[in-house]
Amino acid sequence: VQLQASGGGLVQAGGSLRLSCVASGSSVGAMAWHRQAPGNQRELLARISAGGRTNYADSVQGRFTISRDNAKNTVYLQMNSLRPEDTAVYYCAADKTLYGINRTYWGQGTQVTVSS
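Going by the working numbering, the sequence shown wraps up at 122, each residue one higher than the last.
No lab work stands behind these hints: they were computed from the structure.
Honestly, I wouldn't trust all of these hints.
[Unchecked claim] Listed below are the simulated SDA-like cross-link pairs for lysine to any residue, each with C-alpha atoms no more than 25 Å apart in a straight line: (1) K78 - T110; (2) K102 - G20; (3) K78 - D64; (4) K102 - P44; (5) K102 - V28; (6) K78 - S33; (7) K78 - Q47; (8) K78 - R59; (9) K102 - S22; (10) K78 - T103.
Construct all of the structure, not just a fragment, from the sequences and the given hints.
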């Protein structure tokens, strides 16, 4: 499974961005978005099951929306009301279970910078 994330960039505080992540090579199960700012640990932001059930971190609840298009094997992260503290490298991840073993695959990351 290969994951390719896109959509990052520079935006002013209060603005919006939409991240996309395409999974290729195989169908996947749950997908998620994480982020990591310099000096911080990687943080789980949002997760969506294959069936569409979603979970969010408190830090992004109400501002970010995760969605997926299973036909395109793609997960999205709509980010609204962005804040400077949202500046980080954003990573997508996807789970795949094969022969009873679950493995998580990671994309390469896309930089999001929010200016004040």
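For each hint, the structure was consulted:
no.	hint	verdict
1	K78 - T110	holds, 19 Å
2	K102 - G20	violated, 35 Å
3	K78 - D64	violated, 28 Å
4	K102 - P44	violated, 29 Å
5	K102 - V28	holds, 14 Å
6	K78 - S33	holds, 10 Å
7	K78 - Q47	violated, 30 Å
8	K78 - R59	holds, 18 Å
9	K102 - S22	violated, 30 Å
10	K78 - T103	holds, 19 Å
In this structure, the hints that do not hold are numbers 2, 3, 4, 7, 9, in rising order.
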